[in-house]
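2 protein chains.
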Amino acid sequence: MARSSEGRSSLSRAVDVLDAFDSASVHLTVSAVAARTGMPLSSTHGLLAELERLGLVERSPDRTYQLGVRLWEWAARTPGAAGLRSAARPHLQHVHHLVRQHVQLGVLRGTDVVFVERLSAPDAVVNYTMIGGRTPALLSSSGLAQVAFLAAEDRDAVVDGARRQGQLPAPLADPGVLRRRLAAIRREGHVVTDGYVHPAARGVAVPLLGARGEVLGAVSVVVPNDDAPARPLVNVLRAAAARIVRDLAAAQRPTPAG
Amino acid sequence: MARSSEGRSSLSRAVDVLDAFDSASVHLTVSAVAARTGMPLSSTHGLLAELERLGLVERSPDRTYQLGVRLWEWAARTPGAAGLRSAARPHLQHVHHLVRQHVQLGVLRGTDVVFVERLSAPDAVVNYTMIGGRTPALLSSSGLAQVAFLAAEDRDAVVDGARRQGQLPAPLADPGVLRRRLAAIRREGHVVTDGYVHPAARGVAVPLLGARGEVLGAVSVVVPNDDAPARPLVNVLRAAAARIVRDLAAAQRPTPAG
Chain A
1 MARSSEGRSS LSRAVDVLDA FDSASVHLTV SAVAARTGMP LSSTHGLLAE
51 LERLGLVERS PDRTYQLGVR LWEWAARTPG AAGLRSAARP HLQHVHHLVR
101 QHVQLGVLRG TDVVFVERLS APDAVVNYTM IGGRTPALLS SSGLAQVAFL
151 AAEDRDAVVD GARRQGQLPA PLADPGVLRR RLAAIRREGH VVTDGYVHPA
201 ARGVAVPLLG ARGEVLGAVS VVVPNDDAPA RPLVNVLRAA AARIVRDLAA
251 AQRPTPAG
Chain B
1001 MARSSEGRSS LSRAVDVLDA FDSASVHLTV SAVAARTGMP LSSTHGLLAE
1051 LERLGLVERS PDRTYQLGVR LWEWAARTPG AAGLRSAARP HLQHVHHLVR
1101 QHVQLGVLRG TDVVFVERLS APDAVVNYTM IGGRTPALLS SSGLAQVAFL
1151 AAEDRDAVVD GARRQGQLPA PLADPGVLRR RLAAIRREGH VVTDGYVHPA
1201 ARGVAVPLLG ARGEVLGAVS VVVPNDDAPA RPLVNVLRAA AARIVRDLAA
1251 AQRPTPAG
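Just so you know, the protein sequences line up as chains A and B, in that order. Mapped onto this note's numbering, the consecutive letters of the first sequence carry residue numbers 1 to 258. Mapped onto this note's numbering, the consecutive letters of the second sequence carry residue numbers 1001 to 1258.
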């Protein structure tokens, strides 16, 4: 792999530059990128020039940079996000029509859930997730539903990582409690969280499991944390999950190219 | 910039690897990636390993690679695609409701139009574009609407590039005819193409122009190439374009970070 004088490849430094753009800062000056990445101004300049030439960033008339459309073209071919989202969309809309609250599609990546789709109602309860946003896995019903179904070593890795980063909800901080909770989720096939993230909100989630039991994502709803029984929601999500997994399998090609 | 032994940066080679995945081949083996990029198998292996570590590709249980969810996260923060798409969506839906045929949102990049949104009707006429797909700019109404409003030197660059790549429709192959056609589009503020791409289809497009006259994209419809007058469609698209530009300006933040 090619290495810069700082000992890191231009690819790895480019990823840092692209990560400097977040949903609150979509336009950045060269010096803002340098400050966020900790790279010297001159090499930030050079790297942004190469990224612009490659179409990964674009310069606005006011000379700030923004992420480029080429990233969007790649994203449209990402099976784990765009493919899943496309297969799930009609079924999420059906759930949304029944529930009239936030309906979400999340995928576990590292110790986080990335929400790749979210349908909201204007009068829905508070929800801090956003499309393309991340939330610590063990703080959300979507993440718990997925972590519970990982192979034991992958599950331990997520739990250890979340513990190191202080991303465990207080009720699950005890290792024995968390282990039993995850075992219960595996047994029951769904999870209901009451007020972990916000006291007024309840999360209900069901995992999407592939033909080999692999975790593909989770569908979840966020509803008011009241005394209403969760069972009807669980049944709606289970039916949607089964249809999403079926349609995803049908959409995927039987043999890889090459 | 860091250079590999082949004289190209790892970033530039990584872009080639990511480009090897297209919408018809979302899963690729290492050897398929090597064949598509022309890179040696061993360096393809090394680059895919680094891309996997960075989350830009992911390995499936069958050991093929696919594009990673991290690309999707960046894409969700791309103002030129995701931001425009989000501002345009309700207005495109309104057009779609009225027209009941393909409605598209395209952005000009290089000599191509990238379609970032497309709403279709099940019984709509044939249309070869797809979301995230590209089409040569001068072969589509969306591209012509945008190229016509570029600054003269940018317009010449697209026309020259299209000519070199043989991407001019036969009726516009003559330089004088093309120049007069683009001038007419600028004067009229819209374009109607009859059967350039497919004889049964007519394209009608209106550009999206920013406050400084800069080209942000185009909204277009593809309808049957019959004797129906285009004027009502043009009026619907103009009204939608005005609302999209207004909502996009309102969504954009007044000052860049840093």
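The hints are simulated quantities; they were obtained by calculation from the structure and are not laboratory data. Incorrect hints may appear among the rest.
Distance ranges between label pairs, derived from CB positions [unchecked claim]: (1) B:Asp-1160 x A:Gly-46: 49 to 57 Å; (2) A:Arg-238 x B:Ala-1049: 34 to 42 Å; (3) B:Glu-1153 x A:Arg-243: 38 to 46 Å; (4) B:Thr-1029 x A:Arg-238: 34 to 42 Å; (5) B:Ala-1173 x A:Glu-52: 48 to 56 Å; (6) A:Gly-195 x B:Ala-1200: 30 to 38 Å; (7) A:Gly-38 x B:His-1094: 42 to 50 Å; (8) A:Pro-40 x B:Arg-1164: 49 to 57 Å; (9) B:Arg-1243 x A:Ala-24: 55 to 63 Å; (10) A:Ala-200 x B:Pro-1090: 23 to 31 Å; (11) B:His-1094 x A:Asn-235: 19 to 27 Å.
To give an idea of the chain A side of the interface with chain B (calculated C-beta under 7 Å), a few residues [claimed, not checked]: (12) Val-15; (13) Pro-79; (14) Gly-80; (15) Ala-81; (16) Leu-98; (17) Val-99.
We treat Cβ as the ideally placed atom computed from N, Cα and C, and that holds for glycine.
So, going through the hints one by one against the coordinates:
Look at B:Asp-1160 against A:Gly-46: about 28 Å separates their beta carbons, and that is not inside 49 to 57 Å. Checked against the given bound of 34 to 42 Å, the beta carbons of A:Arg-238 and B:Ala-1049, roughly 38 Å apart, stay inside it. A C-beta distance of roughly 53 Å is found between B:Glu-1153 and A:Arg-243, which places it outside the suggested range of 38 to 46 Å. Roughly 35 Å separates the CB atoms of B:Thr-1029 and A:Arg-238, a value that falls within the hinted 34 to 42 Å.
Restraint check, B:Ala-1173 to A:Glu-52: a C-beta distance of roughly 32 Å breaks the suggested window 48 to 56 Å. For A:Gly-195 paired with B:Ala-1200, a C-beta distance near 57 Å fails the hint of 30 to 38 Å. The hint said 42 to 50 Å for the Cβ distance between A:Gly-38 and B:His-1094, and at roughly 46 Å that hint holds. One distance hint, 49 to 57 Å for the beta-carbon pair A:Pro-40 and B:Arg-1164, is violated here, with the actual separation near 39 Å.
With their beta carbons about 26 Å apart, B:Arg-1243 and A:Ala-24 fall outside the hinted range of 55 to 63 Å. A:Ala-200 and B:Pro-1090 have their C-beta atoms about 29 Å apart, which keeps the hinted 23 to 31 Å range intact. Between B:His-1094 and A:Asn-235 the beta carbon distance is about 35 Å. The supplied range of 19 to 27 Å is therefore violated. For A:Val-15, the interface hint holds, since its Cβ comes within 7 Å of a Cβ in chain B; the closest pair sits about 5 Å apart.
For A:Pro-79, the interface hint holds, since its Cβ comes within 7 Å of a Cβ in chain B; the closest pair sits about 5 Å apart. Nearest Cβ of chain B to the Cβ of A:Gly-80: about 5 Å, under the 7 Å cut. The hint holds. With a least beta-carbon distance of about 4 Å to chain B, the hint placing A:Ala-81 at the interface is held under the 7 Å criterion. The beta carbon of A:Leu-98 is not positioned within 7 Å of any beta carbon in chain B (closest approach about 22 Å), and the interface hint is therefore violated.
Interface hint at A:Val-99: violated, since its Cβ lies 22 Å from the closest Cβ of chain B, which is beyond the 7 Å cut-off.
Checked against the numbered hints above, the structure breaks hints 1, 3, 5, 6, 8, 9, 11, 16 and 17 and satisfies the rest.
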